[in-house]
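K.L.:
Generate coordinates for the entire structure from the input sequences, incorporating the hints supplied.
One-letter residues, chain by chain:
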Amino acid sequence: MQSCRYELPLSRPKVGVQGVTGSWRVRRPVLERSRCIGCGLCWLYCPDSVIDVEEEGGKFRVSIDYTYCKGCGICSSVCPTKAITMVEEV
Amino acid sequence: MRITLTGNYCVAYAVKLARVKVVSAYPITPQTTIVEKISEMVDEGEADIRMIRVESEHSALSAVYGAASAGVRSFTATSSHGLLYMHEMVWWVAQARIPLVMAVVTRTIGPPWNIWTDHHDIMDQRDTGWLIAMAENNQEVLDETIKLFKITEDPEVFLPGIIGLDAFVLSHTVEPVDVPDQDTVDSFLPERRQPYVIRAGDPLIMGNIPSDLVRNARMRWDVHLGLRNAEVVIERVDREWGKLTGRYYGGLTECYRCEDSKYIMVGIGSWVGDMRIAVDSLRDEGYPVGLLKLRYVRPFPARRVYEVVKGSRGVVVFDRSISAGSAGPLFLDLASHIHAMRLGVPVKNVVAGLAGVDVGYKDFENIVKRFVEEVEGEGWVREFLEFYPGR
Amino acid sequence: MDVPLTIRELPREKYVLPGHAACPGCPEAIGLRYVGMALGRRAILVIPAGCTSIIQGLSPGSGLAFPIINVAFASSDAVAAGVSAAKEVLGEDAVVVVWAGDGATSDIGFATLSGAAERGDNIIHVCVDNEAYMNTGIQRSSQTPRGAWTTTTWRGKAEPKKNMPLIMLSHGVPYVATASVAYPLDFIEKLRKAVTIRGFKYIHLHAPCPVGWRFDPSETVEIARLAIETGMWILFEAEGGRVTISPPSRPYMDKSRRKPIIEYLKRQGRFRNITEELVRELEREVDEYWNMLIKLSSQ
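Residue numbers (this note's numbering), protein chains in the order written: chain A, 1 to 90; chain B, 1 to 391; chain C, 1 to 299.
If you're looking for bench data, these hints aren't it; they were derived computationally from the structure. The reader is advised that the hints may include incorrect statements.
Claimed, not checked - Restricting the straight-line Cα-Cα distance to at most 27 Å, the calculated cross-link-like pairs of lysine-lysine (DSSO-like) are:
1) Lys262/B - Lys362/B
2) Lys59/A - Lys14/C
3) Lys82/A - Lys259/C
4) Lys162/C - Lys193/C
5) Lys14/C - Lys82/A
Claimed, not checked - Facing chain A, from chain C, some residues (calculated, C-beta under 10 Å):
6) Ile7
7) Ala22
8) Ile55
9) Gly63
10) Phe66
11) Leu185
12) Arg214
13) Pro217
14) Thr220
15) Glu229
Given the structure is predicted, the values throughout are model-derived calculations rather than measurements. Beta carbons: idealized from backbone N, C-alpha and C, even for Gly.
P.N.:
The structure is reproduced here in structure tokens:
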């Protein structure tokens, strides 16, 4: 990353910098699409940027990245229609 | 331009000539007139510098560290308690490898409150990774401050540097100096270089926790290597300056009548001027004494010292501070380095001039005479560490 | 009258990357996402010691995709002042943001903060306030509320929470605001407004911490919202000293609409042993602060 002859305390952005944080989970968010109204609040509040949204017919289509999801449950808590439930990881 | 200036004003002129862009100002006697002069230059339109009038020395170094990390040549000045207050940031700047120049007007440390000179404040920084230069007179203050910008910004170095000048003896004493013109300095100092710049749009992160401790260890060792590699750069830059101005200082050290001497005095800072006079008097009286002036404390010029003292019968190192519980820091460096190079010359440590006690050429003459007689008589020094409280 | 921001208009570039080191449910990570949405590529972050130092994860990687200078604990605003000055000298566009916890802001870095504010350095200071020294394991700070358990106040903190927004108002800086992780659009709008103002800007972001406050990680946003609904945290902004209560807090100017503060306190394990007397005392303090702000706002 640098051409300096000396070792420098520098870093660059990296997805998964702390490893596969999905392994931290004890419960996982499960999305029931029929209940989802595409408001995007789950995306808005997720601390780990593991929820992605795509515009689809004026609403958001939600997807969850389980590789890094820590299972905090905020998405479930803020969902206005309870479309996301937290399920115990086995 | 030949004019008379105090040491502090010499620093201010050097900062202006080096085209420094950001200066943080916090007062502490006897450094204050440096930042006051720079402030005045800015307000008079003589210098294009952003002044940040910080509320503490910790912030003084933090602010110029921020400016330097963001890509501009920056400077601040401090002394004594101010230097101690920013000590954590002194380490931070060096380990972040950000080139920066700071003037330290050497002043003792309290309690009791005392504004006079000794070297405790500057010596307290010797582990940090900064280059540390000590000036003998105001001309050297001016010249070395300018040179330090070039040295610290050299890719072989990329470390911050301190220019030390003794409180009141240099800082507030007027001497005639040659101030180079802007064109001369512009031809000498290239555009600023640094190992990295923090800028918007470029997600570079400095300083988060390392995954590999060995890499971190290597960073620390690399700071040491940077200082070692600085020796060649210091020498080269001094020679360049010599060609440009006619003033070459000898690089890391200056040998005054030490080529044909049997006994060597070693010292740093303003009292080296007094040591020169003492050498001449002692020679007149038949004592074969020479002076090894260390211009840099860090990097410690071990090889130079070895070359000079290897043929001698005895070395007396004058320290203007003490590493309490051990000995004077210059002595500790010198004795261990020459021992590492297998030299068995008797070395004596005289700790003097503490708390601003004045030590003049007569004192040096007396001390060195006793030293020479002791070694001639007994072959070694009776007491390796002597405290010279003053007359 | 500005058109209010909607979720759809928010940029989706990730400045907080999946797989960072924050605890599950961390409000600092949430807040940083909003900084990214508000400021994007213009931001340079100066981060003193605190949780976010760790959230970045291990070098040579970083879980945050901003340019960042990590700095010593007490130094952040001074470093930021230097960065800001340098960028002006160079003519480079940048928004310099200090992202500092409550410790770095109101305790060890207090003098540094005050100095930068008084000088009017052109920076934004965001205090991400989780109300204790969380990174070192939940020790009390001046931002810890009265009655809260921490590892250095096992029977609950005796002293009240030091009022930083009021202190910054007294500095006479051009922009002071409070924010909450429960109200992202409000926070983002405040950040974007701060960018348009030259000088020192202060935003105090309330950030409930599941680990230190003792609640389930899923409840971070809910707790932050309860703070607003009980009136224990008030969203306002002050431009040039003129206070305006922000829309999410406006209903609660009316005391009868504020939920009893016990609704907020009982959800957090750190208030488990709080006495009724202390709850009444806290209720009184909330009312007094509201009265003062309403007077200041003349709304």
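K.L.:
Evaluate each hint against the coordinates.
P.N.:
A quick look at each hint next to the structure:
Pair hint lysine 262/B plus lysine 362/B holds up; C-alpha atoms about 20 Å apart against a cutoff of 27 Å. Pair hint lysine 59/A plus lysine 14/C holds up; C-alpha atoms about 20 Å apart against a cutoff of 27 Å. With a C-alpha separation of about 24 Å, the suggested pair lysine 82/A and lysine 259/C falls inside the 27 Å cut-off, and the hint holds. Distance restraint check for lysine 162/C and lysine 193/C: the Cα-Cα separation of roughly 26 Å lies within the 27 Å cut-off, and the hinted pair is therefore satisfied.
Restraint check for lysine 14/C and lysine 82/A: satisfied, since their Cα atoms lie roughly 26 Å apart, inside the 27 Å limit. Restraint check, isoleucine 7/C versus chain A: the minimum CB separation of about 5 Å is within 10 Å; hint holds. About 6 Å separates the beta-carbon of alanine 22/C from the nearest beta-carbon of chain A, less than 10 Å, and the hint is met. Because the beta carbon of isoleucine 55/C sits about 9 Å from the nearest beta carbon in chain A, less than 10 Å, this interface hint is met.
Checking glycine 63/C against chain A by beta carbon gives a least distance of about 4 Å; that is within 10 Å, so the hint holds. For phenylalanine 66/C, the interface hint holds, the least distance from its beta-carbon to any beta-carbon of chain A being 8 Å, beneath 10 Å. Checking leucine 185/C against chain A by beta carbon gives a least distance of about 9 Å; that is within 10 Å, so the hint holds. With a cut of 10 Å, the hint placing arginine 214/C at the interface with chain A is violated, because the nearest CB-to-CB distance is about 15 Å.
The criterion of a C-beta within 10 Å of any C-beta in chain A is met by proline 217/C, whose closest approach is roughly 4 Å, and the hint holds. Satisfaction of the interface hint for threonine 220/C is found here, the shortest Cβ-Cβ separation to chain A being roughly 6 Å, below the 10 Å cut-off. For glutamate 229/C, the shortest C-beta to C-beta distance to chain A is roughly 15 Å, which exceeds 10 Å, and the interface hint is violated.
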